[in-house]
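Under numbering that gives the first Met the number 0, think of the first position of the sequence shown as 0, with each following residue one higher.
Simulated from the structure, these hints should not be mistaken for laboratory data.
It is possible that part of the hints are untrue.
[As the list claims (entries may be wrong)] Pair ranges (Cβ atoms, derived): (1) Leu67 - Ile39: 30 to 40 Å; (2) Tyr16 - Gln78: 18 to 28 Å; (3) Gln75 - Val22: 31 to 41 Å; (4) Glu51 - Pro14: 47 to 57 Å; (5) Thr50 - Glu12: 20 to 30 Å; (6) Ile39 - Pro76: 15 to 25 Å; (7) Glu12 - Leu84: 47 to 57 Å; (8) Ile81 - Pro14: 27 to 37 Å; (9) Gly49 - Glu19: 15 to 25 Å.
Treat the numbers as computed from the prediction; the structure is a model and nothing was measured.
Ideal placement from N, C-alpha and C gives every residue a C-beta, glycine not left out.
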Amino acid sequence: MSLDEGAHAGSRETPMYVYESTVHCANVLLSLEDQRRLNILCDVTVVVEGTEIRAHRAVLAASSRYFLQVLLGHTQPEQEPIISLSDKTSPLLPVSL
0 MSLDEGAHAG
10 SRETPMYVYE
20 STVHCANVLL
30 SLEDQRRLNI
40 LCDVTVVVEG
50 TEIRAHRAVL
60 AASSRYFLQV
70 LLGHTQPEQE
80 PIISLSDKTS
90 PLLPVSL
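Between the sequences and the hints, there should be enough to build the whole structure, so can you do that?
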């Protein structure tokens, strides 16, 4: 942890500490993958060649402009989106999810 440079010596402000980790991003992605495999907090279904793959909407949107546009265009918020892909192959899709 390091002292935030914004806290000045002699200031009455409480010092702010910043946690820095070289593995945090990787751990977050691994955790999201575990959640996806266990169907935890999944909120979208992607269908490829008849195979349904559950996923996290935010992860798809952050990973692909295509998914972002499809999800932004989803007009029924009370229903989870189902995205059918006809030009992808099922074995490769989980790699991109």
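Q. Among all the numbered hints in the text so far, which are the ones the structure does not match?
A. 1, 2, 5, 8, 9
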